[in-house]
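Protein sequences appear in the order of chains E and L.
Heads up, the first sequence is in the working numbering, so the first residue is 1 and it goes up one at a time.
Heads up, the second sequence is in the working numbering, so the first residue is 1 and it goes up one at a time.
Note that these hints are calculated values from the structure, not bench results.
Predicted model only: the values in this text are computed from it and were never measured.
Just to be clear, a hint being listed does not mean it is correct.
Not everything, but these chain E residues come out facing chain L in the computed CB check (under 7 Å) [unchecked claim]:
{"#": "1", "residue": "R77"}
{"#": "2", "residue": "N102"}
{"#": "3", "residue": "E105"}
{"#": "4", "residue": "E133"}
{"#": "5", "residue": "L151"}
Sample of chain E residues with no beta-carbon within 12 Å of chain L, all distances over it, derived [said to hold, decoys possible]:
{"#": "6", "residue": "E14"}
{"#": "7", "residue": "A35"}
{"#": "8", "residue": "D69"}
{"#": "9", "residue": "A89"}
{"#": "10", "residue": "A134"}
{"#": "11", "residue": "A174"}
{"#": "12", "residue": "V195"}
{"#": "13", "residue": "R199"}
{"#": "14", "residue": "V201"}
{"#": "15", "residue": "G215"}
{"#": "16", "residue": "A256"}
Glycine included, C-beta positions come from ideal geometry on N, C-alpha and C.
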Amino acid sequence: MSRIGIAFDKARAEGRALLVGCMPAGFPTVEGSIAAMTAMVEAGVDVIEVEIPYSDPVMDGPVIQKASDIALAGGVRTADALRIIEAIAATGAPVVTMTYWNPIERYGVDAFARDLDAAGGTGLITPDLIPEEADEWLAASDAYGLDRTFLVAPSSTDARVAMTVGHCRGFVYATALMGVTGARAQTSAAAPVLVSRVREVSDLPVGVGLGVGTGAQAGTVGGYADGVIVGSALVRCVLDSPDLDSGLGALRTLSAELAEGVRNLSR
Amino acid sequence: MSADAMAAPAGPFPDAAGHYGRFGGRFVPEALVAALDELDGAWRTAMADEAFRAEFAALLRDYAATPSLLYEARRFSAKLGARVLLKREDLNHTGAHKVRNVLGQALLTRRMGKRRVIAETGAGQHGVAAATAAALFDLDCVVYMGEVDTQRQALNVARMRMLGATVVPVTTGSRTLKDAMNEAMRDWVANVDDTHYLIGTAAGPHPFPSLVRDFVRGIGDEARQQCLDLTGALPDAVAACVGGGSNALGIFHAFVGDPDVRLYGFEAGGEGVTTGRHAASITGGSTGVLHGTRTYVLQDEDGQTVESHSISAGLDYPGVGPEHAWLHDTGRATYLPVTDDEAMAAFQLLCRTEGIIPAIESSHALAGALTIAPKLAAELGREPTIVVNLSGRGDKDVHTAGGYFGILDKEQ
Numbered sequence: 001m002s003r004i005g006i007a008f009d010k011a012r013a014e015g016r017a018l019l020v021g022c023m024p025a026g027f028p029t030v031e032g033s034i035a036a037m038t039a040m041v042e043a044g045v046d047v048i049e050v051e052i053p054y055s056d057p058v059m060d061g062p063v064i065q066k067a068s069d070i071a072l073a074g075g076v077r078t079a080d081a082l083r084i085i086e087a088i089a090a091t092g093a094p095v096v097t098m099t100y101w102n103p104i105e106r107y108g109v110d111a112f113a114r115d116l117d118a119a120g121g122t123g124l125i126t127p128d129l130i131p132e133e134a135d136e137w138l139a140a141s142d143a144y145g146l147d148r149t150f151l152v153a154p155s156s157t158d159a160r161v162a163m164t165v166g167h168c169r170g171f172v173y174a175t176a177l178m179g180v181t182g183a184r185a186q187t188s189a190a191a192p193v194l195v196s197r198v199r200e201v202s203d204l205p206v207g208v209g210l211g212v213g214t215g216a217q218a219g220t221v222g223g224y225a226d227g228v229i230v231g232s233a234l235v236r237c238v239l240d241s242p243d244l245d246s247g248l249g250a251l252r253t254l255s256a257e258l259a260e261g262v263r264n265l266s267r
Numbered sequence: 001m002s003a004d005a006m007a008a009p010a011g012p013f014p015d016a017a018g019h020y021g022r023f024g025g026r027f028v029p030e031a032l033v034a035a036l037d038e039l040d041g042a043w044r045t046a047m048a049d050e051a052f053r054a055e056f057a058a059l060l061r062d063y064a065a066t067p068s069l070l071y072e073a074r075r076f077s078a079k080l081g082a083r084v085l086l087k088r089e090d091l092n093h094t095g096a097h098k099v100r101n102v103l104g105q106a107l108l109t110r111r112m113g114k115r116r117v118i119a120e121t122g123a124g125q126h127g128v129a130a131a132t133a134a135a136l137f138d139l140d141c142v143v144y145m146g147e148v149d150t151q152r153q154a155l156n157v158a159r160m161r162m163l164g165a166t167v168v169p170v171t172t173g174s175r176t177l178k179d180a181m182n183e184a185m186r187d188w189v190a191n192v193d194d195t196h197y198l199i200g201t202a203a204g205p206h207p208f209p210s211l212v213r214d215f216v217r218g219i220g221d222e223a224r225q226q227c228l229d230l231t232g233a234l235p236d237a238v239a240a241c242v243g244g245g246s247n248a249l250g251i252f253h254a255f256v257g258d259p260d261v262r263l264y265g266f267e268a269g270g271e272g273v274t275t276g277r278h279a280a281s282i283t284g285g286s287t288g289v290l291h292g293t294r295t296y297v298l299q300d301e302d303g304q305t306v307e308s309h310s311i312s313a314g315l316d317y318p319g320v321g322p323e324h325a326w327l328h329d330t331g332r333a334t335y336l337p338v339t340d341d342e343a344m345a346a347f348q349l350l351c352r353t354e355g356i357i358p359a360i361e362s363s364h365a366l367a368g369a370l371t372i373a374p375k376l377a378a379e380l381g382r383e384p385t386i387v388v389n390l391s392g393r394g395d396k397d398v399h400t401a402g403g404y405f406g407i408l409d410k411e412q
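Looking at chain L on its own, in the form it has when it is part of the complex (with noise of 0.2 Å):
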């Protein structure tokens, strides 16, 4: 991306104090106020700056291989009846989109003088992102990971030590993601003054939704381009996974003007929406408070989080970014839950047609884009062009789907 796309308007919402319609906004502690106040500074100051914007540019490009390809994926559209064309943001440095997020904002981290980053992580993917970044910029970093996920995930934890960070086990509530990131908070609380808490989604009070999307909304910037000058014509639909939304806003956010381009976000529908063991906080959830904003998130009736359940911990997640939730309300997106089964398939297709192995949060949009297609060609009378976000690559996926598949030797 060029630092002129990056000076563009990124849109009409949120209004000044982050609001999406009746999403987003702050439901925080006050002592927080200040140090989001600081960051809202921080963040319009530097994207109006243009070295800034440059330096931004010149990291996503040198440091993490951006553009990633839009790649036309033959074999999988096949089976579709779909032109189906891959943005392959696996392809990145670190493996998925996510390294966008954390370079924009160690960046704005360093420029408001802090030396230390905290980070929260479910699977571990952001805190790895978190971790390079930190490590880059020479910052300390502390990722909180639920205890349960630290037990699952041990070979991310290895690799956040590796890369200098401090890995502290959440030991609350449900020791799983969101439980993290309340501790995140409580760090953020009381060690504002040098702490900057690098987000590792599109949600969270305002500013992060906004800034977190400015941050990947390359991915979408390129995409765009790239579909025009492969196809000549903009896509049909585009496809991406959502849990908090980062990549699913990422890619969305060239297309929202763009009134022929049906945007997808694909929810992770665990073992059934029906069944209450889910992710889908906007298909399946309802309207409430939680890490402080205002979104779909999953609850009770009495406004306890509820436990969310993803075969995939990134999409594992009890809430959603505001703007996803603004989205869905205006109709501009449609939001689907995906099946743990059915992202699996899509995983095992990819595998085996294109030599790709996706992260089983990006098989969710593949397992969409099989859902939508027949849809499409059938409203559209021809072939539809999808472009899928493939968010992130399969690796550290390996033992989950292994065990899936039941494709693992017993020793191991």
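Chain E with its partners taken away, still in its complex shape (with noise of 0.2 Å):
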């Protein structure tokens, strides 16, 4: 059974997108991570995405970058990130990690595997990590039930699809557009088509990730979407602010812009 699936299933029977709110561990502190991820679910996100901070983010835009190496330059560690997530599970929001492969496999897949377990989070999402390659991953996700989340491109042949979606457990993640993380003006065209090739193969959640920003960009997500995820947008509220407590409050407006956006959907 997926840990995640029950927090979509819940925002399907509202008639509306689950919200996921991505963050990196330990930016700007790790103190000040856990304050704004707890601002980002009291302002109506639905799922933190605790992103463990990585020197060689490839999938990433600048934004969520510089986050990341403030992050790292503030000395954040994996141990950190794990107590990041553990402070927020406790708040009863579900909490998905998303991290590049080798910080895991420097901690040892399965060592992670269980103390991600521990401390309550709900599984991984993986941008350098094809299934082709994940077999200690499976076993350990296995092991101890947690989710897996692939990615699936536009590129994507429809065999890929349906091989990679068969490997995820909690939800797919639909990457909305040939690029890296960041917000954009417009939200993609290609991310429809993708979301409902995905739909062909398996009736697991879909989350649509890269470019979404505001409210009205949710809301178009979600219309076609099962989760709207959105990194940049609410990382640059904090990087944007002269001060932490500017912030949390930017945080919180735009996370309830979103958390709007996705019960104001255009269907």
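Both chains are sitting in their own frames, so use the hints and assemble them into the complex.
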């Protein structure tokens, strides 16, 4: 049984999309990131995506790169990320973890799965791990009952979509466009097509990420997807603010706008 | 190299998914998989296509000026107590072995119908080579280069621009080669439809490590035959420097099946592997995933990439191609670190004994030969023959070397 599936079911029952908000662990500090994620939950974000900062984040655009650099420069470690996950899970909000593969491999795949489970995490989004390379993670996630979210992209062939989705548990991450994370002026035309391609082969909920930054965009994406994943726009609230308090204020405002958006669907 | 030589199978490794034992593979965003599959297919069919191989062979001969010479360096040899044969890749067009790789990949780019190439570069050598091939093939070319490196290597930035390339300074992370690679990957994800990532070394996700090896393996194919012609026997050892590892793989490959030929890869030991300021991924790193492949990387306890250091910008990379990781694990090749100081001493020795200014990268291989020569002589009970890959020329390093030896006039 999927841990995050319950949250998707609840949103679906309410006739809305699920809102997933992403924040790098340890940005701007360990305590600051806990405050930021808590503020997001309080303002209506359904699921927190905790990104473990990595020195070489090739799927991330400039905003999350910069936040990751700040977190790493502040000395954040994988163990800190697990502590943050535990703190946010304690608020009752489901926590999904996003991480590039090397920090997990270095920690030990089974050990990480064990500790993520103990911290109350639901599972992992793995942006640079494809199922073909994931044997160890498939075994560890089964052993600890963790969700696993692989990515599908507009360039994925039908065969790859089916294979990838077949290895997912919890939800599928559809990358809305060919590119890296970062808010865009317009939502992607490729995303609805990709979501329906996933639906043809699976009943799993589909979350759409990349490029969403406003309540209106959240409403548009939530109109065809089960989940709306927002990262850079939220991170920017903290990154662009002169201090954490004003950052948290901006974060609450945008979170509330996005939460309103996923309840105001253009369907 | 003849077209027939290229038809020979590239060896039992990697497997179809690009694994060299536990190394290699693909650790990339799903968005890139389709492009990697396309590239894999194009490369395999191209290598099986006689017309492609003939065109590549003609370009190597008529444009790149290969086969490069195998030159017996007698005065340098006398200092070592070994017979040293230099594979003169420094005499190739653009001054290094890298021209072989860029010509092969440019041909593939055209074959795939793509109009734009992107490349990463550290010191600018691969960037210049990529810009050269792009000019020859009328392709748009964007080169990503760490901001720190654009300042250190302003002359190469100018070269790339003269050749018509756009140079983009990368201001993220440590602002060096690894960050330039990250930025190239990001560009590729966004523009994969019309763009080929012309990667500069035998690293990255499958099929790049094998594909690059196929394009540079002529170095070893030529050297093996030249050595037989010159000495009547195979060499006792082959030595090359290893950063990402393309020149070393290029010269090793032909000898992998010759059990009596010892293969030595010399990594950049920087200020010494124990100081932490080095770029020796195999001798001073650990297994990890970087830039799409599993290999040896320089990383901290949490798997964060650690900055490398070397006096040689071309070796200053915190990873290494996965085939080298595998050759190390199987024991087929031996990897040893060479410090900045050892490399510079060998640099000077070659200048003074042979009138050849080597690249500082290649000087690591020369220094390695100095180290192994007496051991080999003792082991064999005779003067050993060592083929050293002189992978590039040192013109680009005049400023660094001049500074190192303190021979620049003050006002310069």
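Next item on the list: May I ask you to check that E:D69 keeps its beta-carbon over 12 Å from the closest beta-carbon of chain L?
Entry: violated, 7 Å
Check: Once the closest CB in chain L is found, is it more than 12 Å from E:G215?
Finding: holds, 26 Å
Margin query: Quick check for students: does the CB of E:A89 sit more than 12 Å from each CB in chain L?
Written below: Non-interface label stands for E:A89: nearest chain L Cβ at 21 Å, farther than 12 Å.
Margin query: Take the shortest C-beta to C-beta distance between E:E133 and chain L; is it under 7 Å?
Written below: holds, 5 Å
Next item on the list: Just double-check E:R199 for me: nearest Cβ-Cβ distance to chain L has to come out over 12 Å.
Entry: holds, 17 Å
Note to self: Would the hint on E:N102 be counted as holding, given a Cβ-Cβ threshold of 7 Å to chain L?
What the structure shows: holds, 4 Å
Item checked: Residue hint E:R77, partner chain L, criterion CB-CB below 7 Å -> holds, 5 Å
Check: Is it the case that E:A35 keeps its Cβ farther than 12 Å from each residue Cβ in chain L?
Finding: At about 23 Å from chain L, E:A35 clears the 12 Å cut-off, so the statement holds.
Notebook entry, point to check: Does E:A174 sit more than 12 Å from chain L, CB to CB?
Noted result: violated, 10 Å
Margin query: Would the non-interface assignment of E:V195 survive a Cβ cutoff of 12 Å against chain L?
Written below: holds, 15 Å
Next item on the list: Could you check if E:E105 really has its C-beta closer than 7 Å to a C-beta on chain L?
Entry: holds, 6 Å
Notebook entry, point to check: Is it correct that the beta-carbon of E:E14 has no partner in chain L closer than or equal to 12 Å?
Noted result: Since the minimum Cβ distance to chain L is about 30 Å, E:E14 lies beyond 12 Å and the statement holds.
Hints 8, 10, 11 from the list above are not met by this structure, while the remaining hints are.
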